[in-house]
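Colleague: Going down the list, the protein sequences come from chains H and X. Residue numbers for the first sequence, in the numbering used here: 1 to 511. Residue numbers for the second sequence, in the numbering used here: 1 to 324.
Please keep in mind that the hints were generated in silico from the structure rather than gathered at the bench. Hints are supplied without guarantee of correctness; some may be wrong.
Stated by the list, open to error - Capping the alpha-carbon separation at 30 Å, the derived lysine-lysine pairs in DSSO-like fashion look like this:
{"no.": "1", "chain 1": "H", "residue 1": "484", "chain 2": "H", "residue 2": "184"}
{"no.": "2", "chain 1": "H", "residue 1": "69", "chain 2": "X", "residue 2": "200"}
{"no.": "3", "chain 1": "X", "residue 1": "13", "chain 2": "H", "residue 2": "403"}
{"no.": "4", "chain 1": "H", "residue 1": "114", "chain 2": "H", "residue 2": "69"}
{"no.": "5", "chain 1": "H", "residue 1": "445", "chain 2": "H", "residue 2": "484"}
{"no.": "6", "chain 1": "X", "residue 1": "200", "chain 2": "H", "residue 2": "184"}
{"no.": "7", "chain 1": "X", "residue 1": "200", "chain 2": "H", "residue 2": "114"}
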Amino acid sequence: MRHGREILRVEGLSKSFFGVRVLHGIDLVLREGETLGLVGENGSGKSTTMNILGGIHPPEAGSLMLDGKPYRPAGPRDALRAGLAFIHQELNLFENLSIEENIFVSDFPRRFAKLPLIDRRRIGERTRELLAMVDLPHPPSTPVSRLSQGERQLVEIAKALSSDARIILFDEPTTSLTRRETEKLFEIMARLEGQGIALIYISHILGDVLRVCDQIAVLRDGHLVGSGPRAEMTVERLISMMVGRRIDSLFPPRTTAAGSEPALEVEGVSQPGVVHEVSFTLHRGEVLGVAGLMGAGRSELARILFGLDPHERGTVRVGGVTLEELSPEVCMRHGMAFLTEDRRGEGLLMEASIADNAALPSLRDYATGRTGWIDAGRLRTDVTEVAERVRINATDYASMLVKNLSGGNQQKVVIAKWLLRRPEVFILDEPTRGIDVGAKYEVYKIVDQLVADGAAVLFISSEMEELIGMCDRIMVMNRGEITKIHHRDAFDSEHILETAMRTDLVGQAVP
Amino acid sequence: MTGGRRVALMALKNAPAIAFAVVLVVFALLSDRFLTVANFTNIVTQASHVAIMAIGMTFVLLTAGIDLSVGAVMYVCVAVLALLFGDLPVLVAFPLVALLGLALGAVNGFFVVQLRGLHPFIITLATLFILRGIALWMTDTRMVFVAEPIMSLGRTSYLGVPWAIWMFAGVFLSAWIVLRQTPFGRQIYAVGQDPAAAAKAGIDVPRVLFAVYCICGLCAALGGLVSIAQVAAASSTFGFQKEFPVIAAAVLGGTSLFGGRGGVVGTIFGAILIQTVENGLVMTNANPYLYPLVTSAIIFFAVLVDSQRSRILDAMNRRKIRVE
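The following block holds chain H by itself, in its conformation from the complex (with noise of 0.2 Å):
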């Protein structure tokens, strides 16, 4: 354990938005070469505490001490100049200018004092020893839109120590990161402590947390309900803290078995460069776990299954019925339905409410007599009925606009919006991504409910607790090819994960 100087303390910090108490008294000290982990399920506080502490709120009480001295930053860069820089979950970079551009666009060096020209070689002299710092071996003229995920991570944090921060807030960084550039991340993390540069990091990946942070502060509804140093933490101890009470088990028991009576059947899927000659049976009542790497093509099965990205070969069943071919209305027709892994760019109509939402699919169903106007009365009967099935937690489903939702409340109004057809075959790509405890078990406890009913559901996760805490099967998806399938009796997370690493066994057949 490293003893740094104390660089930030924050002492009774609260916070109300519209009368509403959303941070009672919060206090954290931060110290340098130290990582903070700040945990709590959505809604707890932690995105109004880093929000306050990176100068986009201001604080209602409290007090902030940065290096002993009074910190009220009065916006973003006011922050960013006392060193304090924010890493947002959604990443703040230009795809169409350079990497260098993106690192000094609010402030540019000039080549003359007096001309506004752009000193072109010093930004890329500094961008080169910046990038050194992250371990990004890109030329600094590099287009932000050649770079993937990973690599405009570490663009953003060059970006923070470009200004000199001393203090880097990292809200949900690993979202949209593979394992690999996880793992570099942490590397270039654990690098900045060492020099002495404090971080706070935000996120839902327990495990992770527990690896790289030094202290651990638990949220709960705007309460401190927790903190203390690594060593004292557990993910269970996590939990339950930031629950409230003790889960006892992760996933809720499965009510059913799985049936025998094939509800999707597939044959033989192929598509050049993506998937090749996949074949599998899903049955009614079960739930079929997809594992595999990023970029394994389990997406990209989902998506052509569901008819959205085209296939070259291969037949599809559903219920024991061919389909003519694979499209969006040709598999919503024969019970299908697919939950995207992208909910808010393509799962759900942002600033439509959730009733709206809800209907979407189902509104030609609603049609009545010649002139195909909508049954509204029914409509708005049935869309309450699966609202509340799902237990979307919202007081009027009609004006409640799904943008103001969280993250859990909106995977349940995807939910929703296809219960209302009563499909079959449920493909649900990374239903629990980004979404907290609490709102993961009782999607959890959906997914149970629908495999009792007797539909049957398909289950893409990189999440490998949950796919064995939720499955009947598991398979394994290796560069677009099924390399094995395993039984729910004989799961064993670092086989199934051996098995998703190893390539020695793609273009072998499934044992």
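Take the given structure of chain H and dock chain X to it, following the hints.
Modeller: Same frame as chain H, but now just chain X:
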């Protein structure tokens, strides 16, 4: 990537240059007078006022905005020049007119910044009608003439290059430096890509937006000056519907209507291409009623390529999972 893919990718990226080459070859085959230095100088001279205005338009388009009032600004500026500044020496009158264009652009910019909820399309559509109305009222809808010194400017050459082309080259060079080499220029690209992110990065977004409309107004005035020096008289249709070739030139040159992508090099290609087609149609004695058809086909092509380009590029660059 296979060879075919690479060719398709190159073709999409360089669509304006390819279109240009095709047009040149077609007209060269159809008319032996077409591919001559004299004719080409002629084309560039005639294209220069649209090119100058399109350079200004490029600034606005890069921020995902649009300025429909350029033709009207051009007309107002020329009307003021002819009616009020007739007795002033050219060296005084021209800067004053340029300032007037800048001020009219500032009006657009002011409303675009103040009425953030309203799309610039609506705002500049309004100023288009207002300014054209003012100009028509000033001129009494009659033809206005400029004095002899300005007319003779239209015939002046320096080092064998007509005055209009010098003007065009000067505007282009300044615009290129501003966009590529100044903080303001790079911030225009940032604002066009993502205004919210630009604000978070500490860029003064309203200031950038205001400035691009000022530049567009200034370029419209300069375009008007170049044009009036060539034709000497402005009827009530002067600058009428000029926004179409101007926007088309910029879009044809690869500047996206959705902001953040493009630049002035492409724009001058676009402007010259449009003029080349018109010139070629004259040279080949095409039916004059065909002109609008051909021009509109080019504009349609430009917008189609713009809207499809990013989609196709995305699809082509899609990550491959398997090596086949």
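Colleague: Decide, hint by hint, whether the structure agrees.
Modeller: Now for the hints, and whether the structure bears them out:
Restraint check for residue 484(H) and residue 184(H): satisfied, since their Cα atoms lie roughly 29 Å apart, inside the 30 Å limit. Using a Cα cut-off of 30 Å, the hinted pair residue 69(H) and residue 200(X) holds, with the two alpha carbons roughly 26 Å apart. As the CA atoms of residue 13(X) and residue 403(H) are separated by approximately 36 Å, the hinted pair breaks the 30 Å bound. With a C-alpha separation of about 36 Å, the suggested pair residue 114(H) and residue 69(H) falls outside the 30 Å cut-off, and the hint is violated.
Taken as a hint, the residue 445(H) and residue 484(H) pair is honoured in the structure, with Cα atoms around 27 Å apart against an allowance of 30 Å. The hinted pair formed by residue 200(X) and residue 184(H) meets the criterion: a straight-line CA distance of about 26 Å does not exceed 30 Å. For the hint linking residue 200(X) to residue 114(H), the alpha-carbon distance of about 27 Å falls within 30 Å, and the restraint holds.
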